[in-house]
Amino acid sequence: MRQLRGTELKRFLRGYRKTHPLERQIVLLLQSVEYPVNVGSIFRIADACNVEEVILTGITPTPPHPTVSKVARGKEQRVRWRYAKSPQEVIASLKGEGYTVCALEITDQSVPYYAFDYPARVCLVVGHEDHGVTRQTLARCDAAVFVPMYGRGRSLNVHVCLGVVCYHILHSGVPEKGRG
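Read in order, the letters of the sequence shown are residues 19 to 198 in the working numbering.
Heads up, some of the hints might be wrong.
Lysine to any residue pairs mimicking SDA-like chemistry, simulated, CA-CA at most 25 Å apart [stated by the list, open to error]:
| id | residue 1 | residue 2 |
| --- | --- | --- |
| 1 | LYS88 | TYR53 |
| 2 | LYS88 | GLU52 |
| 3 | LYS28 | GLU71 |
| 4 | LYS28 | LEU188 |
| 5 | LYS113 | ASP160 |
| 6 | LYS28 | GLN95 |
| 7 | LYS113 | ALA157 |
| 8 | LYS113 | SER190 |
| 9 | LYS103 | ASP160 |
| 10 | LYS113 | TYR132 |
Label-pair distances were calculated between CB atoms; the ranges are [stated by the list, open to error]:
| id | residue 1 | residue 2 | range |
| --- | --- | --- | --- |
| 11 | LYS103 | ARG29 | 39 to 45 Å |
| 12 | HIS38 | PRO130 | 22 to 28 Å |
| 13 | GLY191 | ARG170 | 32 to 38 Å |
| 14 | LYS103 | TYR34 | 36 to 42 Å |
| 15 | GLN127 | GLN106 | 17 to 23 Å |
| 16 | ARG170 | GLU107 | 37 to 43 Å |
| 17 | ARG170 | HIS38 | 35 to 41 Å |
| 18 | HIS149 | ASN68 | 28 to 34 Å |
| 19 | ARG20 | HIS189 | 23 to 29 Å |
| 20 | GLY33 | GLY191 | 18 to 24 Å |
In case anyone wonders, no lab produced these hints; they're calculated from the structure. Just so it is clear, CB atoms sit at the ideal spot from N, CA and C, and this is done for glycine as well.
With the hints as constraints, model all of the structure from the sequences given.
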């Protein structure tokens, strides 16, 4: 076994994408994600998962930002993104476009991320590292999922959770026809 590099790696990844087309469209909504390292990491995840758009709201740092750019390694220039003042208005608009809005948050109605039936078009909402998604935004979400914790910690870093859930969505089977 040997590691692929350069042109060989590019060919391998191109071939994989051709034989494994994506069945879902994902939009990411960041509600006041405060730390630039998380935002930069989310841009890398968005690029890796071919996310449709990253929507930044509240106090979320926006490009150009030195730490976001350094961690994102240029992906903030490849991934479509925008800043919006109101996450609630964004959610209303996305629902009008046929997106199901799902918060990554532990609530009284959350289900494990692997137990949710993700439709063809999904918007994942993540919130502030300490306070999470606000009540006002949660009230507009269609569902909430969480990543189970088996150790003593109560949560993973926001970008790590987002990566886990995005990859699960992309590889969890073909969505039902007519949904999304």
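Hint by hint, here is what the structure shows:
In summary, the hint linking LYS88 to TYR53 is supported, as the alpha carbons are separated by about 13 Å, within the 25 Å threshold. Distance check on the hinted pair: LYS88 and GLU52 sit about 16 Å apart at the alpha-carbon level, within 25 Å; holds. Of the supplied pair hints, the one linking LYS28 and GLU71 holds, its CA atoms being roughly 24 Å apart against a limit of 25 Å. Annotation: proposed proximity of LYS28 to LEU188 holds, straight-line Cα distance about 20 Å (limit 25 Å).
A threshold of 25 Å between alpha carbons decides the hint, and for LYS113 with ASP160 the separation of about 9 Å falls inside it, so the pair holds. With a C-alpha separation of about 20 Å, the suggested pairing of LYS28 with GLN95 holds against the 25 Å cut-off. With a C-alpha separation of about 13 Å, the suggested pairing of LYS113 with ALA157 holds against the 25 Å cut-off. Annotation: proposed proximity of LYS113 to SER190 holds, straight-line Cα distance about 22 Å (limit 25 Å).
Taking the CA atoms of LYS103 and ASP160, the gap is about 21 Å. The hint holds against a cut of 25 Å. A distance of roughly 22 Å separates the Cα atoms of LYS113 and TYR132; the hinted pair therefore holds under the 25 Å criterion. Separation of LYS103 from ARG29 is about 43 Å and conforms to the stated range, judged on CB atoms against 39 to 45 Å. A beta carbon spacing of about 25 Å between HIS38 and PRO130 agrees with the range 22 to 28 Å that was offered as a hint.
One distance hint, 32 to 38 Å for the beta-carbon pair GLY191 and ARG170, holds here, with the actual separation near 33 Å. One distance hint, 36 to 42 Å for the beta-carbon pair LYS103 and TYR34, holds here, with the actual separation near 39 Å. Look at GLN127 against GLN106: about 19 Å separates their beta carbons, and that is inside 17 to 23 Å. The hint said 37 to 43 Å for the Cβ distance between ARG170 and GLU107, and at roughly 38 Å that hint holds.
The supplied range of 35 to 41 Å is met by ARG170 and HIS38, whose beta-carbon atoms lie about 37 Å from each other. Separated by about 30 Å at the C-beta atoms, HIS149 and ASN68 satisfy the suggested range of 28 to 34 Å. Against the hinted window of 23 to 29 Å, the Cβ-Cβ separation of ARG20 and HIS189 comes to about 26 Å, which satisfies the hint. Judged by the Cβ atoms, the range 18 to 24 Å given for GLY33 and GLY191 holds: they are separated by roughly 22 Å.
In the structure shown, no violation is registered for any of the earlier numbered hints.
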